[in-house]
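Spelled out, the chains give:
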Amino acid sequence: MYTCKDSINLLLDFLDGELTPEDTQHLREHLQGCSPCVDFLRTYRATPGLCKRALAHKMPQEMSTKLTEFLRSKIKSAS
Amino acid sequence: MSEQVAPAPEDRQEEDRLLLSRAQAGDMAAFEALVEAHRDKVFGLALRMTRSEADAAEIAQDSFLSAYQHLKDFRGDAAFGSWVHRIAANHALMRLRHRRVVQAAENEIKGPEFTDWGSLTEYPERDWSRDAEEKALDAELGQAIQQSADRLPEGYREVFLLKDVEGLSYEQISELTGDSVPAIKSRLHRARLALREAIDQFYNQGNPQE
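First to last, the protein sequences are chains X and P.
Using my numbering, the first residue of the first sequence is number 1, and each one after it goes up by one.
Using my numbering, the first residue of the second sequence is number 1001, and each one after it goes up by one.
It cannot be assumed that every hint is accurate.
Unchecked claim - Subject to a maximum C-alpha distance of 27 Å in a straight line, what follows is the list of computed DSSO-like cross-link-like pairs (lysine-lysine): (1) P:K1072 <-> X:K66; (2) P:K1110 <-> X:K52; (3) X:K5 <-> P:K1072; (4) X:K66 <-> X:K76; (5) P:K1110 <-> P:K1185; (6) X:K76 <-> P:K1185; (7) X:K52 <-> P:K1072.
Keep in mind that the hints were calculated from the coordinates and are not lab data.
All chains should be modelled from the sequences, with the hints used to inform the complete structure.
Here it is, written out as C-alpha cells:
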C-alpha cells in the first residue's frame, strides 16, 4: 500500500500521464482512502495555472517604443 | 502584474503566418506587427527569468533582432511565437549563466512534511483549487507566489518558469539547459511542491510565507 509520501512523489508523472499502469493503480487505491491526498492532488494541479497568472508581465509602453526604435535602427544600418 | 486579452491561439497563429511571409519578403511593418504581438510574452519571460527590467529589455531587443536576422531560415514548421519564445529563453539562460548569484540551497526548498511512516504531518485544511480557478487573482497572493518563486534555487526556478509559465516541453528545456529530462522533472516537481505550499499557506493561514 502506497503512503502519502509515495503518492505525492508520483503526482507529476501522474498528471503528465506517464505513470506505469501498476503505479497508477497503487496511486488510485491510495487516493480512494485518503481525502487529504485528494485535496493535495487538486491543489498541486492548480498551482502552475495560478503561478502563471501571478507572474504575468506586460512590457511598459516606453520600453516598447525603445524596442521599436532599436530594431528600426539596427535593421536600417544592416540593409 | 496584468492579464492579457489575447486573440484565440489559432487566430493568432494564422495572423502570424501571414505577417511572417510578408516580413520574409522584406516588409518591415509586418515584422513590427509580429514584434508588437509577441513583445509582452518575450519581455515577461525575460523579466521572470532575470528579475531585472534592464536585462529583460536587452533580451527582448536581442531576441527580436536575432529573429529578424534568421527570418529567412525560419521554415514555419513551428509557430512564430514559440520560435521567438525559445530564442528569448536561450538569451535569458545565457545571461543567467554569466551571473554569479547567491543560490538558495536545495534543502531550503519548502515542501510538504511527512511522518516516519510516510503520512502528511499536516493535512490541507481546505481545497482551494476551485477558488484559484474562479477568482480574480488576489494581489497579496500574487506577491506570495512571486516571493516563493524568487526563493527557489536557480536551476529549479528556471525549470519551473520554462515549463509551467512559458509552456516549453521537457525536451525543449533539456535542449536549452543541457540537463536530462528526469533531472528536469525532479526539479519541476520540487518547485511545484514549494509553490503549492506557499499558496496553501496563503489560503489556509491568511498570510504568505515568511
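A quick look at each hint next to the structure:
Between P:K1072 and X:K66, the direct Cα distance comes to roughly 25 Å. Compliance with the 27 Å bound is thereby established for this hinted pair. At most 27 Å may separate the alpha-carbon atoms for a hinted pair to count; P:K1110 and X:K52 meet this at roughly 20 Å. Pair hint X:K5 plus P:K1072 does not hold up; C-alpha atoms about 51 Å apart against a cutoff of 27 Å. Taking the CA atoms of X:K66 and X:K76, the gap is near 15 Å; set against the 27 Å cutoff, the hint holds.
At most 27 Å may separate the alpha-carbon atoms for a hinted pair to count; P:K1110 and P:K1185 meet this at roughly 17 Å. Straight-line distance between C-alpha atoms of X:K76 and P:K1185 comes to about 44 Å, which puts the hinted pair past the 27 Å bound. A distance of roughly 32 Å separates the Cα atoms of X:K52 and P:K1072; the hinted pair therefore is violated under the 27 Å criterion.
Hints 3, 6, 7 from the earlier list are contradicted by this structure; the remaining hints agree with it.
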